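Peer 1: Chains as they are written, first to last, in the numbering used here: chain A, 123 to 758; chain B, 23 to 189; chain C, -4 to 99.
Hints were generated in silico from the structure; no laboratory data involved.
In this text, all values refer to a predicted model and were calculated from it rather than measured experimentally.
Do not take every clue at face value.
[To be verified] List of simulated lysine to any residue pairs, SDA-like, C-alpha gap at most 20 Å:
#1 B:K111 - A:T725
#2 B:K107 - C:A77
#3 B:K104 - C:S90
#4 B:K111 - C:N81
#5 B:K111 - A:V746
#6 B:K188 - C:N81
#7 A:K730 - C:M97
#8 C:K96 - A:V746
#9 C:K98 - A:K514
#10 B:K188 - C:A77
#11 B:K111 - C:R23
#12 B:K107 - A:D739
#13 C:K87 - B:S99
#14 C:K96 - A:F629
#15 A:K728 - C:M97
#16 B:K188 - C:Y83
#17 C:K87 - B:A186
#18 A:K514 - A:N597
#19 C:K87 - A:E736
#20 B:K188 - C:K87
#21 A:K552 - A:G735
#22 C:K98 - A:L135
#23 B:K188 - C:A75
#24 B:K188 - C:R84
#25 C:K98 - A:G735
[Said to hold, decoys possible] Quick list of simulated restraints, FRET-style, between CB atoms:
#26 C:S90 - B:M184: 21 to 29 Å
#27 C:D92 - A:T725: 25 to 33 Å
#28 A:R304 - C:K98: 55 to 63 Å
#29 B:E169 - A:L718: 54 to 62 Å
#30 A:F757 - B:K188: 20 to 28 Å
#31 C:S90 - A:L718: 37 to 45 Å
#32 C:S90 - A:T725: 48 to 56 Å
#33 A:T725 - B:G85: 51 to 59 Å
#34 B:L175 - A:M754: 37 to 45 Å
#35 A:L718 - B:I171: 39 to 47 Å
#36 C:D92 - B:E169: 37 to 45 Å
[Said to hold, decoys possible] Partial pick of chain A residues on the chain C-facing surface, computed with a CB cut under 10 Å:
#37 M346
#38 V731
#39 Q733
#40 D739
From the three backbone atoms N, C-alpha and C, an ideal C-beta is built for every residue, glycine too.
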Amino acid sequence: MSYTVLIVVLPFLMFLLLGLLDSKLKPKVAGILGTLGLSTVAILSYVTAFKYFFQVGKVGEIWQPITALNFNWLQVTEKLHIDLGVLLDPISVMMLVVISTVSLMVHIYSLGYMHGEKGFQRYYALLSLFTFSMLGLVVATNIFQMYIFWELVGVSSYSLIGFYYTKPSAVAASKKAFIVTRFADMFFLIGILVLSYYTGTFSFAELCNPHGPVLGTTIGDTFMGWSVVSWAMMLIFMGGAGKSAMLPFHIWLPDAMEGPTPVSALIHAATMVVAGVFLVARFFPVYYFGAPEVLTIISYIGAATALFAAIVACTQTDIKRVLAFSTISQIAFMITSLGVSNYGGEHGLGYMASMFHLFTHAFFKALLFLGAGAVIHAVHSNEMKDMGGLRKFLPITNITFLIACLSIAGIPPFSGFFSKDEIMVAAFEKDKIIFGILYFTAGLTAFYMFRLYYRIFWGDSNKHYHHTPHEGGLNNMTIPLIFLALLTCVTGFIPFGTFVSSNGEPFVTSINWLVASLSVGVGVVGIVIATVMYLKKNSKPDTMEAALKPLYKASYNKFWFDEAWMFATKQIVFARISKPIAWFDRHIVDGFMNALSTVTNWTSRKIKVVQSGEIQDYALAFFVGALVIAAMVIFL
Amino acid sequence: MGEQIVFSVLAILIVAFSILSVVSRRILRAATYLLFVLIATGGLYLMMGYQFLAAVQISVYAGGIMVLYIFSILLTSHAGDKAEKVSWKRHLPAAGAATVGLAFCAHIIYYNVKRVADLDLFNAPTMQQIGANLMGTSKNQYVLPFEAISILLLACIVGAIMIARKR
Amino acid sequence: MTTIPLFAYIVISTLMFFIGVYGFLARRNMLTILMSLELMLNAADINFAAFNRYLYPGQQDGMFFTLFAIGIAAAETAVAIAIIINIYRNLKNISVDEVNKMKF
Chain A
123 MSYTVLIVVL PFLMFLLLGL LDSKLKPKVA GILGTLGLST VAILSYVTAF
173 KYFFQVGKVG EIWQPITALN FNWLQVTEKL HIDLGVLLDP ISVMMLVVIS
223 TVSLMVHIYS LGYMHGEKGF QRYYALLSLF TFSMLGLVVA TNIFQMYIFW
273 ELVGVSSYSL IGFYYTKPSA VAASKKAFIV TRFADMFFLI GILVLSYYTG
323 TFSFAELCNP HGPVLGTTIG DTFMGWSVVS WAMMLIFMGG AGKSAMLPFH
373 IWLPDAMEGP TPVSALIHAA TMVVAGVFLV ARFFPVYYFG APEVLTIISY
423 IGAATALFAA IVACTQTDIK RVLAFSTISQ IAFMITSLGV SNYGGEHGLG
473 YMASMFHLFT HAFFKALLFL GAGAVIHAVH SNEMKDMGGL RKFLPITNIT
523 FLIACLSIAG IPPFSGFFSK DEIMVAAFEK DKIIFGILYF TAGLTAFYMF
573 RLYYRIFWGD SNKHYHHTPH EGGLNNMTIP LIFLALLTCV TGFIPFGTFV
623 SSNGEPFVTS INWLVASLSV GVGVVGIVIA TVMYLKKNSK PDTMEAALKP
673 LYKASYNKFW FDEAWMFATK QIVFARISKP IAWFDRHIVD GFMNALSTVT
723 NWTSRKIKVV QSGEIQDYAL AFFVGALVIA AMVIFL
Chain B
23 MGEQIVFSVL AILIVAFSIL SVVSRRILRA ATYLLFVLIA TGGLYLMMGY
73 QFLAAVQISV YAGGIMVLYI FSILLTSHAG DKAEKVSWKR HLPAAGAATV
123 GLAFCAHIIY YNVKRVADLD LFNAPTMQQI GANLMGTSKN QYVLPFEAIS
173 ILLLACIVGA IMIARKR
Chain C
-4 MTTIPLFAYI VISTLMFFIG VYGFLARRNM LTILMSLELM LNAADINFAA
46 FNRYLYPGQQ DGMFFTLFAI GIAAAETAVA IAIIINIYRN LKNISVDEVN
96 KMKF
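Take these sequences, add in the hints, and give me the full structure.
Peer 2: Shown next, in the form of structure tokens:
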């Protein structure tokens, strides 16, 4: 299976090609090249998935991880070494399929959406770079390789968010994304170092083996009540929380919507932001056996984030912001599901549900974003107040968007219902409080998604547009929408438990009718409330807003998290920490160097007088020297 | 007895005139005092028994070099000019260095140069001997330095002309 | 047979030498500096001759050395005076304070 390394290398070569040739290529050529490269990658991923899941992956009824390639890149000490390689196991193969499919859809869509933009070739080069980084991340054989690609993903995201680099808001957003995730990655790195120091290895195969040398012998050292493994895993989770926009590191994701919409679809909906979830899933045996208290913390953080994001999404008016907060909420669902999971076969339901939701969410969220992109492209504005009654003008977008909204609200037979239902069951069996929070959040999800849908496509049906929005029939913007909608309809029926589970044992899930009906019920309630308020333009939203004024204000301002972080950075870090350090650097370190040079200068000015030019001074020095030497020779 | 008187006279002349030469503020007088010192030195050579050396000293040094000095003094300054007083700043280190050196050498000489050699073996060198040694090629004979010095003199003549010619 | 000890000659030459040193370091006119230089040279010559006379009376190496030293002193004086003439032509002055341009 070593051809799988091509999956990772090919996008990188495409990045080099497109990046180096930049404006020498005509935009259309660059686009076609990028898309062709990605199609090859997608086909290779499907072939790999087929071979793995249906041919070689299963050994004796258990899914085995296959190391397709692994070579020793850097030897740090005698025991510790950093490898680079390709690891194939159920979740990484699943992620290969997800990433390549969504990336391919985005490539095709961008041919139409980004048509005529300046920097078209750079865009496709960066998309290939991103795909390369993400693919490398998911097939990593050891945590350090994952960290390398983690940072690469951060860089690609920064470049793509700041794609419109002449816009100050885009530049600010890209800086914010990079700095916040980099800050979280600091903790990630410390976690990796602590873990590898105490266990002596970076490799997943050794770390995650529950009967292996690492987990089998508990690492005895403790620090302030927790074992070092717990500390390491907590720090690693904080790194993942930064990338996956968990509370309180979520602040960068809404601002990241400054990037082009297909970028938002690829990076900030389907692939990069799930890297944190993937990280926890990859390390799941270590979390479950080595640091169970961290898992509890993870589940609570996830639940809180989900609720928070859902509340904020209810009042936002920029359609991409609504989708951004929806993403934060759904990823929080996935993380919570991992947090409440047990280990082994059907006890690992939370694990399987989380991965299933990742799979389905990638498709319908990408669909939502691409649909929003089509709307923005037609109306030339992001704000809800500029939209309404668009179902007449954008029929295909309307239907596909509706399918995605139904899916995210958890209505059968769409895929969102199946995956969300499994999460609810896992939460119900583990912790009723978390189940309650997730249940309420599911209702809010349905509400705000349909609020979004109605405001765009129904609402003010007689809205007057300056120039008629048009869709253009079947073209490279609508075909990805249709394909993703088909996937959303179909993927719910995949028996995911037979492919992905926490320890490789396949299992079959059956529907828990109580939980299922409860969750469908709350979804329907949310949709009904939204229909009543937003189907036609009326005054009910304003009355509700007036009634819940403080909550509305808090939600509209995103609970002032951005302001709190800005305060902490400016007043505390800059003023109290950076300023003194800068003062020290400028006055004491530089001052020392300047003092050295001043002293040297002064000394040289004082002693240059020896070279006076007077012959007799030189003669005197000569004579005295000769006398001294003679004295030394004779008397010593 | 007589020798000692002559020697003392010569010694006093040498020391007195050399001090006067370096202290005098009129250049021409300094040159004259130097001339006297050189002649007295020639006298010392005579006392030692080196007649040829004394003759060379007086003819070359006193007669040639001092004339050169007088010429250049007259060329570059008016003979009646008074040189400026030497400032204390320059006078002190010079005197100090000279005194220290003198003390040092005196100390060494006093402790080492005490014996009087046996002088019976001395024969004043004859002209034939000097001539033969000057042109001979065996161990203690000086044809090579002789030739070298002649070339040196040639070089100095040419060099002096080159440096001092009018452009 | 002479009754003058070697010591006396050496004392004279030493005195003459250090008087010459003083003159070299303290005088302002270049020509007077050269004259002090001549004093030093002569002191060394007396030394050579005296040592030859008292310590190696059978040989004449010291005398020849003195001979050659006198010759070389003459040549050197000639060149030095030529240089001083040149300086005089350019600066109209032969004080050593004027020729101090080779400095910091």
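Peer 1: Against this structure, judge whether each hint is valid.
Peer 2: Structure-based check of all given hints:
1. With a C-alpha separation of about 24 Å, the suggested pairing of K111 (chain B) with T725 (chain A) is violated against the 20 Å cut-off.
2. Simply put, K107 (chain B) and A77 (chain C) have alpha-carbon atoms about 27 Å apart, too far for the 20 Å limit, and the pair is violated.
3. Simply put, K104 (chain B) and S90 (chain C) have alpha-carbon atoms about 13 Å apart, close enough for the 20 Å limit, and the pair holds.
4. At most 20 Å may separate the alpha-carbon atoms for a hinted pair to count; K111 (chain B) and N81 (chain C) exceed this at roughly 29 Å.
5. A C-alpha spacing of about 17 Å is found between K111 (chain B) and V746 (chain A), which places the hinted pair at or below 20 Å, so the restraint holds.
6. Among the hinted pairs, K188 (chain B) with N81 (chain C) is consistent with the structure: their alpha-carbon atoms are about 9 Å apart, no more than 20 Å.
7. Proposed proximity of K730 (chain A) and M97 (chain C) is supported: the alpha carbons are some 12 Å apart, at most 20 Å.
8. This hinted pair does not check out: K96 (chain C) and V746 (chain A) have alpha carbons roughly 23 Å apart, beyond 20 Å.
9. Taking the CA atoms of K98 (chain C) and K514 (chain A), the gap is about 94 Å. The hint is violated against a cut of 20 Å.
10. This hinted pair checks out: K188 (chain B) and A77 (chain C) have alpha carbons roughly 11 Å apart, not beyond 20 Å.
11. A hinted pair counts as satisfied when its Cα atoms are at most 20 Å apart, and K111 (chain B) with R23 (chain C) qualifies at roughly 13 Å.
12. As the CA atoms of K107 (chain B) and D739 (chain A) are separated by approximately 18 Å, the hinted pair is consistent with the 20 Å bound.
13. Pair hint K87 (chain C) plus S99 (chain B) holds up; C-alpha atoms about 9 Å apart against a cutoff of 20 Å.
14. At roughly 99 Å between alpha-carbon atoms, K96 (chain C) and F629 (chain A) are farther apart than 20 Å, so this suggested pair is violated.
15. For the proposed pair K728 (chain A) and M97 (chain C), the alpha carbon gap of about 18 Å is at most 20 Å, so the pair holds.
16. Proximity of K188 (chain B) to Y83 (chain C) is assessed by CA-CA distance (about 12 Å); at most 20 Å being required, the pair is judged to hold.
17. The straight-line distance between the Cα atoms of K87 (chain C) and A186 (chain B) is roughly 14 Å, inside the 20 Å bound, and the hint therefore holds.
18. The suggested pairing of K514 (chain A) with N597 (chain A) holds, with an alpha-carbon distance near 18 Å, which does not exceed 20 Å.
19. A distance of roughly 18 Å separates the Cα atoms of K87 (chain C) and E736 (chain A); the hinted pair therefore holds under the 20 Å criterion.
20. Restraint check: the Cα-Cα separation between K188 (chain B) and K87 (chain C) comes to about 15 Å, which is no more than 20 Å; the hinted pair holds.
21. The hinted pair formed by K552 (chain A) and G735 (chain A) fails the criterion: a straight-line CA distance of about 95 Å is larger than 20 Å.
22. With a C-alpha separation of about 65 Å, the suggested pairing of K98 (chain C) with L135 (chain A) is violated against the 20 Å cut-off.
23. Of the pairs offered as hints, the one joining K188 (chain B) and A75 (chain C) holds, with about 17 Å between alpha carbons and a cut-off of 20 Å not exceeded.
24. Taking the CA atoms of K188 (chain B) and R84 (chain C), the gap is near 9 Å; set against the 20 Å cutoff, the hint holds.
25. Restraint check for K98 (chain C) and G735 (chain A): the C-alpha separation of about 5 Å stays at or below 20 Å, so the hint holds.
26. Taken as a hint, the range 21 to 29 Å holds for the pair S90 (chain C) and M184 (chain B), whose Cβ atoms sit roughly 25 Å apart.
27. The given range of 25 to 33 Å is respected by D92 (chain C) and T725 (chain A), whose C-beta atoms sit roughly 27 Å from each other.
28. Under the hint 55 to 63 Å, the C-beta atoms of R304 (chain A) and K98 (chain C), about 59 Å apart, fit the expected range.
29. With their beta carbons about 59 Å apart, E169 (chain B) and L718 (chain A) fall inside the hinted range of 54 to 62 Å.
30. At roughly 54 Å, the beta-carbon separation of F757 (chain A) and K188 (chain B) lies outside the given 20 to 28 Å, and the hint is violated.
31. Remark: the range hint 37 to 45 Å for S90 (chain C) to L718 (chain A) is upheld by a beta-carbon distance near 41 Å.
32. The supplied range of 48 to 56 Å is broken by S90 (chain C) and T725 (chain A), whose beta-carbon atoms lie about 32 Å from each other.
33. Checking the proposed 51 to 59 Å range against T725 (chain A) and G85 (chain B) shows it holds: the Cβ atoms sit about 54 Å from each other.
34. Here the CB-CB span from L175 (chain B) to M754 (chain A) is close to 38 Å, well matched to the stated 37 to 45 Å.
35. Between L718 (chain A) and I171 (chain B) the C-beta distance comes to about 56 Å, which lies outside the given range of 39 to 47 Å.
36. Our hint of 37 to 45 Å for D92 (chain C) and E169 (chain B) holds, since their Cβ atoms are close to 42 Å apart.
37. With 10 Å as the threshold, the beta carbon of M346 (chain A) stays out of range of chain C, its nearest partner Cβ sitting at about 66 Å, so the hint is violated.
38. Contact between V731 (chain A) and chain C, as hinted, is supported at the beta carbon level, the nearest pair being about 7 Å apart and thus within 10 Å.
39. Against a cut-off of 10 Å between C-beta atoms, the interface hint on Q733 (chain A) holds, since the closest Cβ of chain C lies about 5 Å away.
40. Because the closest C-beta pair between D739 (chain A) and chain C is about 9 Å apart, less than 10 Å, the hint holds.
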